[in-house]
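Kindly produce the complete structure, drawing on both the sequences and the hints.
Line order of the protein sequences matches chains A and B. In terms of the numbering used here, the first sequence opens at residue 5 and continues consecutively. In terms of the numbering used here, the second sequence opens at residue 6 and continues consecutively.
The reader is advised that the hints may include incorrect statements.
[What the hints assert, rightly or not] Covered, in the sense of this in silico footprint (three residues per stretch, anywhere, with C-beta under 8 Å from a C-beta of chain A), are these stretches of chain B:
no., stretch
1, 9-16
2, 47-56
3, 97-106
Simulated from the structure, these hints should not be mistaken for lab results. Idealized CB from N, CA, C, for every residue including glycine.
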Amino acid sequence: QVTLKESGPGILQPSQTLSLTCTFSGFSLSTYGMGVGWIRQPSGKGLEWLANIWWDDDKYYNPSLKNRLTISKDTSNNQAFLKITNVDTADTATYYCARERGFDYWGQGVMVTVSS
Amino acid sequence: DIVMTQAPLSVSVTPGESASISCRSSKSLLHSNGITYVYWYLQKPGKSPQLLIYRMSNLASGVPDRFSGSGSETDFTLKISRVEAEDVGIYYCGQLLENPYTFGAGTKLELK
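The structure is reproduced here in structure tokens:
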């Protein structure tokens with residue numbers, strides 16, 4: 005059974021760094037072809053893909069945020085991470101991680117609010 | 006970036022009838038390997054998105070066969086036959102062909 009769960013700070017101030025963790029089970033990021041992605045969704049709005057990390061540590065970022073994003077993984081502990089630097093109110097959203105087999109499994113999402 | 010354009014933005018359907026949602030991409034989603042990298046997701050109210058259709062026409066695991074996907078290189082359709090109450094939500098198409106992955110704005114399905 006594949007599950008994913010996101011965790012994060014909930015609220016942070018502008019200019020801070022947002023650190024998110026995706027803890028998953030039912031698959032391994034050491035398996036050939038496996039990947040995890042991060043997608044976010046501002047309240048009442050659509051989906052925005054942020055980044056992917058693959059079994060071979062290949063990483064892909066959305067160019068619109070590339071300089072601010074860092075994705076990483078801890079294969080031993082079945083976790084993937086996303087950091088977003090210098091956050092702004094525009095980064096307020098629900099952040100999802102999903103298994104990148106077409107994003108066939110999603111976490112429940114974690115709400116992040118950026119506010120002074 | 007590849008732009009995904011969905012239509013209509015909302016649709017109201019009588020239970021038991023069928024519904025179709027269109028999605029158009031600004032670039033061909035057909036890879037040289039023969040696979041068309043368009044996906045369909047449903048986000049039920051208050052829930053995470055769930056995969057319905059992958060690679061244009063393949064039904065995801067556990068998804069009722071009332072759902073089907075079809076299309077060409079740039080024009081795609083999600084069809085729901087015999088709409089049920091559990092189908093209410095926002096439907097998104099997405100392209101996973103190239104970076105950055107992009108999604109349509111969503112189509113809200115409601116019941117009459």
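So, going through the hints one by one against the coordinates:
{"no.": "1", "hint": "9-16", "in the structure": "violated (count 0)"}
{"no.": "2", "hint": "47-56", "in the structure": "holds (count 4)"}
{"no.": "3", "hint": "97-106", "in the structure": "holds (count 6)"}
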